[in-house]
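A.B. asks: Letter by letter, the chains look like this.
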Amino acid sequence: MNKKKWMRVAIPIISILIALLIASIIIIWIGKGSFAERFDFLVKAYTEMVKGAFGNKTAIMNTIIKMTPLILTGLAVGFGFRAGVFNIGAEGQMAMGALTATIFAVNAASLPSFVAIPLTMIVGMLAGAVWAGIAGFLKAKTGAHEVITTIMLNWIAYNITNWAVTDPFNAGGGIPKSPEIASSAKLPNLLTSQASFMSFGILIAIAAAVVIYIILYKTSMGYEVKAVGFNPYAAEYGGINVSKNIILTMAISGALAGLAGTLESIGLYYRFYGTLSSGKGFDGISIALIGQNNPFGIIAASLLIGGLRTGSNQMQFVGVPKHIVMIIQSIIIFLVAAERMVMTIMGWNRKKGAK
Amino acid sequence: MPFHIPQEDEYKDYAVVMKGIVKQFPRVLANDHVDLYVKRGEIHAIVGENGAGKSTLMNQLYGLYNADEGQILINGEVLSINNPKDAIAVGIGMVHQHFMLVGPLTVAENIVLGDEPTKMKSFFDLAKARKEVKRISEEYGLKVDVDSKIEDISVGTQQRVEILKTLYRGADILILDEPTAVLTPQETEELFVVLRNLQNDGKTIIFITHKLNEVIAVSNNVTVMRGGKVTGQIPTSETTPRELANMMVGREVLLRVEKEKKEPGEKTLEVTGLKVNDNRGLPAVKGVSFEIRKGEILGIAGVAGNGQSELEEALMGLRKKEGGTINFNGLDITSATPRVIREARMSHIAADRFKYAMVKEFTVAYNMALGRHYKQPFAEGGFLNHKNINAISKDLVKKFDVRPPEIQNTAENLSGGNQQKMVVAREFDYQPLCMVVSQPTRGLDIGAIEFIHSTILELRREDVAILLISMELDEILSLSDRIIVMYEGEIMGEVKPNEVSLEELGLMMAGSTLEQARSEAHE
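Going line by line, the protein sequences match chains A and B. The opening residue of the first sequence carries number 25 in our numbering; numbering runs sequentially from there. The opening residue of the second sequence carries number 7 in our numbering; numbering runs sequentially from there.
Please note that a few of the clues may not be correct.
[Stated by the list, open to error] Here are the simulated distance ranges between beta carbons:
#  : chain 1 : residue 1 : chain 2 : residue 2 : range
1  : A       : Trp179    : B       : Gly329    : 41 to 51 Å
2  : B       : His392    : A       : Trp179    : 39 to 49 Å
3  : A       : Phe110    : B       : Val161    : 28 to 38 Å
4  : B       : Ala350    : A       : Phe110    : 29 to 39 Å
5  : B       : Ser421    : A       : Thr368    : 26 to 36 Å
6  : A       : Ile175    : B       : Glu157    : 53 to 63 Å
7  : A       : Phe110    : B       : Ser154    : 52 to 62 Å
8  : A       : Thr368    : B       : Thr416    : 18 to 28 Å
9  : B       : Ser160    : A       : Leu41     : 37 to 47 Å
10 : A       : Leu215    : B       : Thr416    : 40 to 50 Å
11 : A       : Phe110    : B       : His392    : 24 to 34 Å
12 : B       : Pro410    : A       : Ser217    : 54 to 64 Å
13 : A       : Thr368    : B       : Thr246    : 22 to 32 Å
No lab work stands behind these hints: they were computed from the structure. Since this is a predicted model, take the numbers as computed values, not measurements. C-beta atoms are modelled at their ideal positions from N, C-alpha and C, and glycine is treated no differently.
Chain A with its partners taken away, still in its complex shape (with noise of 0.2 Å):
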């Protein structure tokens, strides 16, 4: 049990180190000149990442900026996960949840901000919930795999999105993009720095966080949601409404994805740009296996790819390709997904059979 428990916060990291490794020796590879000013070349890309992710105010504002979105589509797919659903569809759920929430907030001129800003989330998320619930539903009634509906919904929510802002929702001057919602349905700002700026949305985010964690650990529906995620069938003979529960963790994390896209419309764009997520929503797999599907482990595999993405700009400056980012990255998830293969490399591997 405690052993289990060490490995699930071990196998994250021991696969960052091996990943950081691989990388290095690629930094290594693509440098010049001798073995000793290739490793001072390894050596100024590291630091170079980690000032441009944490080395100025502005660089830990763009880090959490980019992680926000990170933690609630992470939570979003963790959450599923939890249950047994994968929710493939964050992408989705997020745009419908950004539109809403968008024509919402366009609208919301008349409302106190302390009335616009909680309306506007809530509307965010209930289309999000309502765009993953669909697929819950099918699923808990006709069985319908959720893999495959999600992916399909995510076609229809990027259609309609994209339709949304160049026809009926568009502000004019030839972009796709939503009128600028109303200053009331803005979120205040947390920090500022130059010409940048930072909204209070990582506040929103993790609390989300803490209240998924409350619900997983403390609630007999978190107890539900696990107990249907490991083993249906003793679910169902423990009383548990097993359609039930899909169908509603579909909605929370469909909930969570809408807030992810609401709150980049109404504290970073102020605006909608049909196009918002540009992936966010598949990173919330990664960031949850990465997470290990823990509330908390998932704001930190957040803070790590957040992180590495914006410290991947300033390695570009001392000629190491951004693309580097992404192969660490891959690498991460890949030994996360394939744990028997980092216990393998540590020699944890026990005799698995006799049963």
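On the provided structure of chain A, position chain B as indicated by the hints.
C.D. replies: Here is chain B on its own, set in the frame of chain A:
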């Protein structure tokens, strides 16, 4: 003439000789020095109850398991068969209980699968495959349409395809594992004709079953197994179903349970005309009726797969009913959900512990809360009350002697016996009015078995109505107040444990009615 045990110089006339086979599984000794002698060209039946070790023995012959001890001789030669490939190479073919066919492919394609004829060494030659399959099918009189898709043909024909598959690979020794379990009586008759044809062609057939009439109908010799040991070897012409039943179920009752006399109270559970389908949508329980009174144990005897698990699941709301009613303590629970049924104080020790009765990834404490996790004292206002969950679990673990007594252990780390004790503790703690107890001691050691039996009797003392489903006749006979026997989804009769003999029970389990069994057993 008694069964002839061959000497070493006679082994060359025997297709299969297995000597002193021992196979130990983590908690069960599945084969305990088993000897099997199968003469070339005979049909040899292996009979025994579920869990007697028949399939394990055959899986070793087919190379799916390796024996821990013992020798296997094929046609007099000592061989080591390490995998099915080795077995096929020496001419052994096996037809499993569950067919291994590919639904959307045709009969011919399925038969040649894995050993396909080819054109230019790389392209599948369908014409040749069809021709070859037709030839074999005509040669052995096994009629099939080579171009039908597997998913469109009957189960009986699919089985024929499986047999053809082994013949295509050149099998001389055919193992059939419970071949009639899935067949209708007519299909069974047809299978017997096929088997006799194959015998006439010089094939040796080993036939696993627990249906005694089939043994008599088709085999030359019988080996009887019980609890991993051989309890009888006899030529079929020298024996009767009655004698086989005796050897199969054993005479001695292993466990003595002290059961006090007790008058049952008022009716608690009443099942009327219950009909339930199995997973394939075929009728599994065909209009079953019974009642159980307070403080009474009703035993259901029967060979596995005769509708008991469907009945069990239907009672607990885990399976849809096709007809009939279930009345529990004045409440109609025919279409109630598991939660409603549990709220009405019916609890359940499931036959399939891993599938139903526990979440192996959960801690012992969380498993103790299963089904009660949403209400006092386990939860309050939607939040789990970990303090109470832990306190109650600690108490139950101590009272039911679950070892190790560590409630934060995950359930998968417990031994089978302790897992079962955990389940029993929880279901006991429901303070049920009625408990459905299915296969409560399967795979457990003597100590755990005694503990669980005494717990069941304690429930009886406390006026709980108990339905006991078990394949273990000893268990049924020593615990039940009344026994009903199920066969193919129907009740063959109801008896009192002290008014029935083992052979009568065995015959009823094999499909005789009570009257038939009585007359046959006393003839």
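A.B. asks: Using the beta carbons of A/Phe110 and B/His392, state whether their distance is inside 24 to 34 Å or not.
C.D. replies: Holds - the Cβ-Cβ distance for A/Phe110 and B/His392, about 29 Å, lies within 24 to 34 Å.
A.B. asks: Within 54 to 64 Å or not, the Cβ separation of B/Pro410 and A/Ser217?
C.D. replies: holds (57 Å)
A.B. asks: Taking 41 to 51 Å as the stated bounds, is the beta-carbon spacing between A/Trp179 and B/Gly329 within them?
C.D. replies: holds (45 Å)
A.B. asks: Quick check: does the Cβ-Cβ distance between B/Ala350 and A/Phe110 fall within 29 to 39 Å?
C.D. replies: For B/Ala350 and A/Phe110 the Cβ distance comes to about 36 Å; the hint holds.
A.B. asks: Taking 22 to 32 Å as the hint, is the beta-carbon distance of A/Thr368 and B/Thr246 inside that range?
C.D. replies: The hinted range 22 to 32 Å is violated for A/Thr368 and B/Thr246, with Cβ atoms some 59 Å apart.
A.B. asks: Is it true that A/Phe110 and B/Val161 lie within 28 to 38 Å of each other by Cβ?
C.D. replies: At roughly 35 Å between Cβ atoms, B/Val161 and A/Phe110 fall inside 28 to 38 Å, so the hint holds.
A.B. asks: Has the hinted range 52 to 62 Å been met by the Cβ atoms of A/Phe110 and B/Ser154?
C.D. replies: violated (37 Å)
A.B. asks: I want to verify a distance hint. Is the separation of the beta carbons of B/Ser160 and A/Leu41 within 37 to 47 Å?
C.D. replies: violated (59 Å)
A.B. asks: For the range 39 to 49 Å, tell me whether the beta carbons of B/His392 and A/Trp179 fit it or not.
C.D. replies: Holds - the Cβ-Cβ distance for B/His392 and A/Trp179, about 44 Å, lies within 39 to 49 Å.
A.B. asks: For A/Ile175 and B/Glu157, compare the CB-CB distance with the range 53 to 63 Å and indicate the outcome.
C.D. replies: violated (28 Å)
A.B. asks: Starting from the hint 26 to 36 Å, judge whether the C-beta atoms of B/Ser421 and A/Thr368 obey it.
C.D. replies: holds (28 Å)
A.B. asks: If you check the beta carbons of A/Thr368 and B/Thr416, does the distance land in 18 to 28 Å?
C.D. replies: At 23 Å between Cβs, range holds.
In terms of the numbered hints stated before, the structure departs from hints 6, 7, 9 and 13, listed from lowest to highest.
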